[in-house]
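Trainee: My request is simple: use the sequences and hints to build the entire structure.
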Amino acid sequence: MRAVEAVVAAIKNKSNSLQALTAAALLLPGLLQSPQAAAEENEVDFQYGHYQEGYRNLYGAQSKFDPIEVDSLHGSAKITLADRIKLSLNYSEDTWSGATPITTAPLVFDANRAILKTTGRGKNAVTTVVGASPYVQSGQLFVDRNFNPINYNLFGTTKKQMYGAVNKQVVHTMSTASPETRQQGDFKLGYEWDEMALNVGGGISVERDYESRFVNLGSRWDFNQKQTSLNLGLSYTNSSTFAILDHFVTPYIEHNAFFKNYVDINPDSGKNKLSGQKEDWATQLSFSQVLNKSALIEFGAGYTRSTGYMSNPYKLVEIFFVDPKQKTVALGLPKNVLAAGAPHAFLEQRPEERNQWNLNTHYAQHIDLLDAALHFDYRFYHDDWGINSHTFELDWGQPIGNSWMVTPRVRYYTQDSADFYTPYLISQQAYNKIIYNKKGVPIKSIPYDPNQLPSYFSSDQRLSGYGALSSGITVSKKFAKGLTLEAGFEYYTHKGALKLGGGGEGSYADFNYYTVNAALKVDLSTLANIRIADHSEHAGHAGHSAHSHHGGHAPAGVMFDHMLSQADDIMIGYRYMYGFQSGNMQHGADFVDDLTVRNNGCGQKRSEYCLVRATDHTMQMHMLDIMYAPTDWLNLMLMPQFMTMDMNFRAIPRVRIRIPTLDNELAQAVNHHISHEHATGGIGDTGMYALVKLFDNGEHHLHAGIGFSAPTGNVGIKYRPIHHGAGGDDLGFVHYGMQLGSGTWDFKPSVTYTGHLDDWSWGAQLSGTKRLEKQNKSGFALGNIFQSTVWGSYNIFDWLSTSVRGVYTTQGSIRGEYNEVHDKSSSFDYPANYGGQYWDVGFGVNATVTGGSFEGNHLAFEWLQPVSDKVNGFQLERQGALSLAWGYAF
Amino acid sequence: MNQRITILLSTLFFFLSIQTSIATETTGRVAPACEGSSIPDAKNYNLQQFKGKVVYVDFWASWCAPCVQSFPFMNSLEHEFKDKDFKVLAVNMDESAVDAQNFLKEHSAKFTVLNGSDQRCAKAFDVKAMPSSYLIDRNGVIRHEHLGFRAGETGQLQQFIKQLLSESPASH
Amino acid sequence: MNKANRLFILWIFTASVSGCAEVAPWERGNLAKPQMALDPTPMQTGFRSHIYGSREAASGGDAGSGGGCGCY
Chain Y
1 MRAVEAVVAA IKNKSNSLQA LTAAALLLPG LLQSPQAAAE ENEVDFQYGH
51 YQEGYRNLYG AQSKFDPIEV DSLHGSAKIT LADRIKLSLN YSEDTWSGAT
101 PITTAPLVFD ANRAILKTTG RGKNAVTTVV GASPYVQSGQ LFVDRNFNPI
151 NYNLFGTTKK QMYGAVNKQV VHTMSTASPE TRQQGDFKLG YEWDEMALNV
201 GGGISVERDY ESRFVNLGSR WDFNQKQTSL NLGLSYTNSS TFAILDHFVT
251 PYIEHNAFFK NYVDINPDSG KNKLSGQKED WATQLSFSQV LNKSALIEFG
301 AGYTRSTGYM SNPYKLVEIF FVDPKQKTVA LGLPKNVLAA GAPHAFLEQR
351 PEERNQWNLN THYAQHIDLL DAALHFDYRF YHDDWGINSH TFELDWGQPI
401 GNSWMVTPRV RYYTQDSADF YTPYLISQQA YNKIIYNKKG VPIKSIPYDP
451 NQLPSYFSSD QRLSGYGALS SGITVSKKFA KGLTLEAGFE YYTHKGALKL
501 GGGGEGSYAD FNYYTVNAAL KVDLSTLANI RIADHSEHAG HAGHSAHSHH
551 GGHAPAGVMF DHMLSQADDI MIGYRYMYGF QSGNMQHGAD FVDDLTVRNN
601 GCGQKRSEYC LVRATDHTMQ MHMLDIMYAP TDWLNLMLMP QFMTMDMNFR
651 AIPRVRIRIP TLDNELAQAV NHHISHEHAT GGIGDTGMYA LVKLFDNGEH
701 HLHAGIGFSA PTGNVGIKYR PIHHGAGGDD LGFVHYGMQL GSGTWDFKPS
751 VTYTGHLDDW SWGAQLSGTK RLEKQNKSGF ALGNIFQSTV WGSYNIFDWL
801 STSVRGVYTT QGSIRGEYNE VHDKSSSFDY PANYGGQYWD VGFGVNATVT
851 GGSFEGNHLA FEWLQPVSDK VNGFQLERQG ALSLAWGYAF
Chain R
1 MNQRITILLS TLFFFLSIQT SIATETTGRV APACEGSSIP DAKNYNLQQF
51 KGKVVYVDFW ASWCAPCVQS FPFMNSLEHE FKDKDFKVLA VNMDESAVDA
101 QNFLKEHSAK FTVLNGSDQR CAKAFDVKAM PSSYLIDRNG VIRHEHLGFR
151 AGETGQLQQF IKQLLSESPA SH
Chain S
1 MNKANRLFIL WIFTASVSGC AEVAPWERGN LAKPQMALDP TPMQTGFRSH
51 IYGSREAASG GDAGSGGGCG CY
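Quick mapping for you: the protein sequence lines, in order, are chains Y, R and S. The numbering of the first sequence is this note's numbering, which starts it at 1 and goes up by one. The numbering of the second sequence is this note's numbering, which starts it at 1 and goes up by one. The numbering of the third sequence is this note's numbering, which starts it at 1 and goes up by one.
Straight-line C-alpha distance at most 27 Å; calculated BS3-like pairs for lysine-lysine:
(1) R:K105 to Y:K521
(2) Y:K718 to Y:K605
(3) Y:K293 to R:K123
Chain S residues, not near chain R, derived (Cβ > 10 Å throughout):
(4) S49
(5) Y52
(6) R55
Derived DEER-like restraints, expressed as beta-carbon distance ranges:
(7) Y:F187 to R:K105: 35 to 43 Å
(8) R:K110 to Y:S219: 35 to 43 Å
(9) R:D118 to Y:R213: 51 to 59 Å
(10) R:A97 to Y:Y236: 46 to 54 Å
Since the hints were made in silico from the structure, they are not lab data. Positions of the beta carbon are idealized from the N, C-alpha and C atoms, including for glycine.
Mentor: Below you can see the structure in the form of C-alpha cells.
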C-alpha cells in the first residue's frame with residue numbers, strides 16, 4: 001500500500017506534461033449523443049428538389065397560367081480542417097416561375113379576365129381563350145346597404161335583373177411572373193472542446209430584387225457525460241428590397257400614400273423602384289436530455305425581433321371606396337344598392353415591427369421491437385401581429401435490412417390570421433368627393449381621408465387563418481462505400497377549413513402542392529477509413545494511394561479526361577462552369593456598332609431590325625459527375641446538370657434612323673426587356689457515357705468515349721403572357737440561348753490521348769456533339785459541335801500542377817425556329833446568330849491531396865480566355881469561362 | 001425582459017461551473033480489476049496478468065463512429081510495439097454479441113478484444129465517454145485517460161506509450 | 001408580451017427539472033442510431049423548411065441561418 005502511494009506521488013511530481021494533456025482531454029466530446037457529433041466527419045452532399053403547386057380555384061375564370069413551380073439545387077461540404085475545427089460550406093439555388101395571387105377581390109368584380117387570341121382572318125377568324133389577365137382596377141362593383149357585394153348584370157333590362165342578390169364570394173387575382181432565381185452561399189466554422197462547441201457562420205442570399213446577409217453565433221454545452229446539452233444560438237440578418245414594380249400593373253397602383261420610414265419610391269428612368277430595409281435579430285435556446293436508453297427529449301424556445309420593411313412589394317390590397325351618402329336615385333340605382341365603383345389597388349402595408357416567439361418540443365423514442373425511431377415534434381408560435389400557430393409532426397424512421405431506411409411522416413400546421421389581414425377593403429367614404437355649387441357645377445373635389453383607412457392591411461393568404469395537412473415519405477439507401485442516396489416525396493394541403501377551432505379563410509384560398517427531392521451524400525470519412533484499413537492490411541501504415549492516376553488530371557475544362565483504372569472503383573465529382581458574354585457586338589470576326597446591329601442583326605428584310613441589344617449574358621452550370629468502373633477497361637458515367645442563365649438588355653438609341661411608331665405590343669416588349677434582368681434556371685440535359693480503354697502502356701494512354709445527352713432540360717420556357725385583347729401581347733418563348741437544354745437527343749463521341757513523363761504530362765482530345773433529331777418540341781435544333789483541344793501540364797509539387805491548353809471549337813447555327821409565338825426583339829432571337837468558330841487558351845491549376853483524411857481528393861480550376869472568334873451572324877462578345885472540378889475516386 | 005434573461009443565463013452558467021468542477025480524477029490511481037473472455041476465441045483474460053507491461057485499455061462499441069476510426073490506430077500500435085512489453089486490450093461494450101461479431105468481421109482487429117457486456121470493467125474504470133482509453137504503466141497505475149478519438153491526437157498517445165515503456169517497474 | 005415571457009420561463013423551468021434515469025455512455029447504442037438523430041435528414045429538412053417558410057406565417061422565430069425572401 002505504501003509502495004503504491006509512493007508511486008502515485010512520484011508520478012504526480014514527474015509527469016506534468018501528462019497531466020496537462022489529461023486536463024485538456026477532459027474537455028473532449030466523449031460520447032456522441034447523436035452521430036452528428038462524430039469525432040471526424042467529412043461529407044459532400046448534393047440535393048435537387050422540386051416544388052409544384054396545383055391550380056387555384058378561380059370560379060370559372062379560364063386561367064391558363066401554370067401554377068408556380070420551383071427547382072432547387074443544394075450542394076454542401078463539411079470539412080474537418082483540424083481535429084477540432086470544422087468548416088461547413090453551403091450553396092443553394094432556387095428558380096421559380098408561374099402564377100401566384102397578387103390580390104383578392106369579390107368574385108362579382110371579375111378580376112381574372114380572359115386573354116383572347118384571334119387567329120385567321122375574316123370568316124375564318126377563331127378567337128380562343130389563351131389565359132386570364134389580372135385586373136386590379138378597371139371594372140365596377142355594387143354593394144348593398146350593409147356593404148356586401150351584390151351580383152351585377154350589365155345586360156339586364158330591369159333594375160331587378162341588373163342588381164341581384166348578395167354574393168360574398170371572393171377570389172384571388174392571379175398574376176404570373178417570368179422565371180426568377182435566388183442564390184445563397186453560407187458557411188459555418190466551428191471549434192469543439194470535449195464538452196462544449198462554438199461556431200460562427202454567415203452568408204448571403206441574392207435575388208434580382210432582394211438581398212439578405214446574415215451572421216450567426218452558436219454554442220453547445222454538454223453536461224452529465226453528455227446526457228444533457230444546452231444549445232444557444234444568436235443571429236442577425238440584414239435584408240434589402242429593391243423592387244422594380246411590375247410595369248404592367250404599376251399604372252393601376254396607388255403607391256404614393258402611406259409609406260413611411262423604410263420605403264422610398266422614386267421614379268427612376270420611368271421605373272418605379274421600391275426600396276426597403278429590414279433587420280432581424282433572433283435568438284434560440286434549446287435543451288436536450290437523454291431520458292433513458294431509448295428516449296431523448298429536446299425543449300427549445302426562441303425569440304425573433306424584426307424591424308423595417310416587411311411587406312411584399314408585389315402584393316396589393318383592393319380598396320373599394322363607397323360613399324354611403326351617395327345619391328343613389330340620381331345614379332339610377334335601386335334604394336338598397338350603393339355604387340362602389342372601381343377599386344383602388346394599394347400596395348400592401350404591414351407593420352414595421354414584428355416580435356415572434358416560439359416554443360418547441362421534440363421527443364424521440366427508439367422502438368426496440370422494430371429497431372425503429374418515433375419522432376414527435378410540437379411547436380407553438382406567437383407573434384405580435386396576432387398570429388398564433390401550432391405545428392405537430394410525427395415521423396417514423398424504419399430501418400429495413402442493413403442499408404435501407406424508410407421514414408413516413410405526417411405534419412399538421414394551423415395558424416390564426418394576422419390582425420390586419422383582409423381579403424379586400426371597403427372604405428365608407430368617396431375616393432374623390434365632388435362638391436357642387438348651387439347651380440350643380442362642380443367646384444372642388446375632396447380626396448379621401450387616409451386616416452379612415454386601417455394603418456395596416458394585407459390580403460396575402462399566408463397571413464390568413466388556415467390549417468395545412470401534409471404527409472410524405474423519405475427513402476434512403478446506404479451503399480457499402482459510404483455513399484447514401486435519399487429520395488423524398490411530400491403532399492401538402494392548405495385549407496381554411498383545416499384551421500384548428502374553425503373560422504379559417506374561405507375555400508377560395510385553398511391550394512395543394514407536392515415536393516420531390518433526391519440527394520446524394522458522399523461520406524469522405526468512411527471512405528478514407530476504408531482506404532486506411534485497406535492499407536494497414538498490407539503495410540501497417542498508410543502509404544501511397546492505390547487509386548492515384550498516373551499522369552495526373554487534365555485541366556478542369558476537359559471532360560472525359562481520365563478513366564478509373566481498377567474494376568469496381570467509383571468516382572464522384574462535381575463540375576461548375578461559368579461563361580460570360582458582354583461588351584461589343586460582333587459580326588463574323590469584327591466588332592460592330594449599334595446601328596449595324598439594329599439594321600442587320602435581326603433579319604435581312606428592310607422591315608426587320610433589332611429593338612434592343614444584350615449587354616451581358618451569363619451561363620452557369622452545375623454538374624454532378626458519377627463514374628463507375630465495371631471492369632478496368634470500361635467506365636460508365638452519368639452526368640446530370642443544373643443550369644442558370646441570365647441576361648440584360650438595353651434599348652438601341654434612336655440614331656440616324658426614322659423609327660416607325662412602335663405598336664403597343666412591341667413597345668411593351670422593349671419595355672419588358674430593358675426593365676428586367678432575364679433569368680432562367682433548372683435541370684439541364686443529362687449525359688450518359690461509356691469510356692473504353694484502347695491502349696495503355698503506363699506512359700501513353702488512349703481511350704474513346706461514346707454517349708448520349710438526354711433532353712431533360714426545358715426548351716419551352718416562355719415569358720409570361722401579358723395584357724389582354726385580341727392578338728394578345730404574348731411575348732412567347734425566351735431567347736434561344738436562355739433555354740436550359742438542347743431539347744434533342746444528342747450523340748457525343750470523344751477520343752482522348754494522355755501521356756506523362758517525370759513531372760510533365762500532356763494530352764489531346766477530339767470531341768463532338770451530333771444532334772440526333774431535326775428539331776426539338778419547340779421547333780429548333782442547336783448546331784452540331786466539334787471540338788479539339790491539346791494541353792500540357794507540369795507538376796510544381798507532387799500535389800500541385802499547372803496547365804496550359806489550346807482549344808478550337810466550331811458549332812453550326814440553329815436549325816429550324818420556334819414553332820409558337822416568339823416576339824423577336826434582339827439578335828438572340830434569330831437562329832442564324834448562333835454558332836461559329838472559336839479559339840481559346842486555357843490556364844489551369846490542379847491540386848491533388850496526397851495525405852491525411854482528404855487523401856485522393858482532386859480539385860482543379862481553369863480559366864479559358866477567348867483569343868479569336870468568328871461568329872455566325874451577330875453575337876455578343878465572349879469574355880471567358882471559368883471551370884472548376886472536384887473529384888474523389890474510391 | 002432583459003433582466004429576466006440575464007438571471008436565466010447566469011443561472012445556467014452557474015450550473016455549468018458546478019458540472020465541470022465535479023469531474024473526478026482518474027489518472028494516478030491503480031487500475032481496477034478487469035476480466036473477461038475474448039472475442040471471438042473465448043479465452044479468459046485478466047488485467048492483472050499484464051502487470052509489468054504497458055497496457056492500452058480501450059472501451060468501444062460497434063455503434064460508435066469514432067471507435068470505428070480508432071481501429072486502424074490500435075492495429076498500428078499493436079504492430080509498432082509488438083516486440084515491446086505492450087498490450088492493447090479493447091473492451092467491447094455492445095449489448096448484443098452479434099453486433100460486435102459482425103463488426104469484427106468487417107473491421108479486422110489485430111489486438112485482443114474482450115467481451116465487456118457485463119459492464120463490470122466499464123463501471124470499475126468509470127468510463128465517461130465512448131470511446132475511452134486508458135494507458136496503464138508497468139506498475140498497474142492509470143497514467144493517462146483519453147476521451148474520444150481524433151486522428152491528430154494519436155502522435156501524442158504514441159509518445160506516452162514510449163515514455164511509459166522506458167520507465168522501469170517500481171520495486172516492491 | 002408578458003404572458004409570452006412567463007410561458008417562456010416556465011418552459012425552461014419545466015425542462016430543467018424533468019427527471020430522468022442515468023444512462024451510462026456505453027448504453028447509448030440505440031440513441032446513436034441514425035434514425036434516432038434529432039434531425040435524421042438535415043438536407044431534406046432544409047428544403048422543406050424553406051418551402052414551409054415561403055407558405056406559412058410562422059416560419060420565423062428560429063435563430064437559424066435564414067436568408068432570402070424567395071417571395072414566390
